[in-house]
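Chains as they are written, first to last, in our numbering: chain V, 1 to 292; chain Z, 1 to 425.
Everything labelled a hint here was simulated from the structure, so no lab data went into it. Any given hint could turn out to be false.
Pair ranges (Cβ atoms, derived) [as the list claims (entries may be wrong)]:
1) Z/E176 / V/E126: 34 to 44 Å
2) Z/W323 / V/V129: 36 to 46 Å
3) V/I257 / Z/G209: 22 to 32 Å
4) Z/K213 / V/I257: 21 to 31 Å
5) Z/D318 / V/A268: 51 to 61 Å
6) V/V87 / Z/D126: 40 to 50 Å
7) Z/G324 / V/G181: 51 to 61 Å
8) Z/D126 / V/I275: 42 to 52 Å
9) V/A92 / Z/D94: 20 to 30 Å
10) Z/D94 / V/G132: 48 to 58 Å
11) V/I275 / Z/K130: 45 to 55 Å
12) V/V129 / Z/E87: 33 to 43 Å
13) V/F124 / Z/D365: 51 to 61 Å
Here are some chain Z residues pointing at chain V (derived, C-beta under 8 Å) [to be verified]:
14) P88
15) D196
16) D222
17) P225
18) G227
19) T228
20) T229
21) D230
22) T256
23) D264
24) A277
25) A283
26) A286
27) G288
Even for Gly, the Cβ is constructed at its ideal location relative to N, Cα and C.
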Amino acid sequence: MQEILNVLIYGLVQSSYLALVSIGFSLTYGISRMPNFAHGALYILAAFIVWIGLNVLGLTHIFSILVAILIAAGIGGLLYWGVLIRVRGMEASEIIATFALSIVIVELIRYFGFFGTSYGLPPFFEGVVTIGGITIDYQRIIVIATTFLLVLFLWVFTHHTKLGLGFRAIAQDEHVAMMLGIDSDLMAALSLAFGSALAALAAVVWTPITQIASEAALNVLLYAMIICILGGLGSTIGVLIASLVIGYSQILTSTLIGPEYQMIVPLAAILVILIVKPSGIFGKQKELEERV
Amino acid sequence: MNYKGALVVGAILALLLVAGCAAPEEAKKEKEPIIIGMPLPTAYVYGYGPEHAAKLAVEEINAKGGVKVGDEYRPLKLEIIDTRDLEPGVPVTDALAAIEKLILEKKVNVLVGGPARSEAALAAMDISAKYKVPTIISTGVLTPAYHKRIEENYEKYKYCFRLNSFAVPLAVENVEILEDLKSNYGYDKVYVMVQDVEHARKFGEVIAGLLEKKGWKIVGFDKFPTGTTDFSASLLKAKTEGAQILLIQMDMPESTILLKQWTDMKMPAIPIGFIAAAQEQKAWEATGGKINYLIVSSGAFIGNAEVNYEPAMKFYKDYEKRWGFPPEAHGTSSTYAAIYAVAAAIEKAGTLDSDAVVKALEEIDLKGTPVGRIKFDPKSHQVVVAKNPEEGVVDCWFQWQDGVRATIYPQSVAIAEVKLPPWMK
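Let the hints inform the model, and build the full structure from the sequences given.
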């Protein structure tokens, strides 16, 4: 009984984590059709910015988080205006440019001495609750809550705000949207800023559970890509479903077979989905609702 | 310009001329340094700890006038290169290219430090042999294959030495600590949790095998891929099976997730093992103290944690004074000692000739160093590991006790007894 409850609770935590690190990547691609391969590096950068805010500058936790999210968003926006605007539409160039930025960010982090395994962030609230004999800490509950609130916010944002509607219009048909007066470049820059900010949000919520290590940048990017490919590139609902599928599969595999097989699950899922439905579970790329 | 003005200008010009001529003359008089090449993964604890330690040793030696080579004293100079050999996806050949660069471009006389990854260090032995560069591995490389290879082909690999611990004594020590816990508390159930990489799996299997022979029950053996973000299922299994010991072998940063979950769940089992993320003093703050009661082997000698041995504590304090933080962990004190071993060997040889330095290294017997007595086995070139610093170099096992890395093993240098978490009493 405890094992089932453990799978239910920690499967939800794992799914929430996967959704958190993937939503930003998916959103950017869904709107601008540009894969941001610097997503993982921005995640790590944001975590280090919070660490610097707390430990070097003596800022409050909440202010450090806001600064980190704003800086990540700024870098995302500048990435578009400074680099991607020149190569937009050339997919290979977009990938190379964003991946290059990823390397630059990680190397700069290391250049300034932020390496090793001794950087961590404090949890928002210290403490645990026990449900049916299964202990879970407050920070993991915050991860679940943040994911839930984020999805809710995105739905409201994309359905009831002018900017959100602009995003959806560009995602649906860029040329028609431009004819209606929507600035495609501005929307693309904002989508990169938005996606980068979400990477930063994922970092500040998840990092207190683990450590800040620049090596994690690649893992985060890998998870984001796996979830987005499985769910359908650019589909937020796809991201959620894929996160639940992978998250619960990983915990189930870990419980029933062995933890060494849990990384095989997402990779096998990619292979299967690429064979059976290459566009992903919700990869109906022409449908507006699936993209944003 | 009057006469006085012309005289002043003339004097200045004359001074400049003399200074200009004298500068190269002074440069000529500067003694040629002895160059120590250090191939290290500088972004990892196995790299930056040794880097700090080597710089401290070189500063100390140079402050005393340098190393006596024949009739003259020559300063030491470090040439450090980042091998990145511990980074995922970086091929061994990159580390080898870095080492060749040190030898061919920097003209190093000796190599000290890494590479830390066993595969890279084993491959680098051929480079040391090819260029006949005396090499002391002082970080990483816990495989017994390193010194076995030297023993099996002495003539070729005689330039290679290891001033670091290796897997066999570390496994035996781990078992001894658990046997102590068995006799004190009656524990006999172990749950093994290792990272799914070759060295950690092997460590886990060997220790589990040794424990089974001594009557322990291995109630679980889980392997975790690098990047694992949840350990709850295994911890729950360990709890259900009644494990009293969690035997952990991990060097991934995510191992802190495991330790935090262990504390949060108040698992009635003591975690012990080689856990890279819990080795440094900074780990206490980084984890919010959730590594309390964890027993750690840093796979390293004494000198990196508080210990009952004066030379080690002198190094500990000097290091803290120099860098503002205590010695990191694995490879730190051993690299400091390795620089002194190189200096002693060169002084003994009286020359920088490789074969003479190798012979001197085989013969040195340094007592009272921070890691204990340094003496290399003349056939395998493995430094002699002992339980007493008067007999050999000593591995250090410490337990986190309220923010202090308190050495609990071996008894000869321990400053504390193992403490149980309050929820296990």
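Cross-check of the supplied hints:
1. Z/E176 / V/E126: 34 to 44 Å: 36 Å, holds
2. Z/W323 / V/V129: 36 to 46 Å: Hint holds: Cβ distance 41 Å, inside 36 to 46 Å.
3. V/I257 / Z/G209: 22 to 32 Å: 23 Å, holds
4. Z/K213 / V/I257: 21 to 31 Å: 28 Å, holds
5. Z/D318 / V/A268: 51 to 61 Å: 53 Å, holds
6. V/V87 / Z/D126: 40 to 50 Å: 44 Å, holds
7. Z/G324 / V/G181: 51 to 61 Å: 58 Å, holds
8. Z/D126 / V/I275: 42 to 52 Å: 44 Å, holds
9. V/A92 / Z/D94: 20 to 30 Å: Taking Cβ atoms as reference, V/A92 and Z/D94 lie about 25 Å apart, which means the hint holds.
10. Z/D94 / V/G132: 48 to 58 Å: Because 51 Å falls inside the window, the suggested range holds.
11. V/I275 / Z/K130: 45 to 55 Å: 49 Å, holds
12. V/V129 / Z/E87: 33 to 43 Å: 39 Å, holds
13. V/F124 / Z/D365: 51 to 61 Å: About 56 Å separates the Cβ atoms of V/F124 and Z/D365, which means 51 to 61 Å holds.
14. P88: 7 Å, holds
15. D196: 5 Å, holds
16. D222: 5 Å, holds
17. P225: The hint holds - Z/P225 has a Cβ within 8 Å of chain V, the shortest such distance being about 4 Å.
18. G227: 5 Å, holds
19. T228: OK, holds: Z/T228 within 8 Å of chain V, min 6 Å.
20. T229: 6 Å, holds
21. D230: 5 Å, holds
22. T256: This interface hint holds because 5 Å falls under the 8 Å limit.
23. D264: For Z/D264, the interface hint holds, since the closest Cβ of chain V sits about 5 Å away, which is under 8 Å.
24. A277: Since chain V brings a Cβ to about 4 Å from Z/A277, closer than 8 Å, the hint holds.
25. A283: 6 Å, holds
26. A286: At about 4 Å, which falls below the 8 Å cut-off, the nearest Cβ of chain V leaves the hint on Z/A286 intact, so it holds.
27. G288: 6 Å, holds
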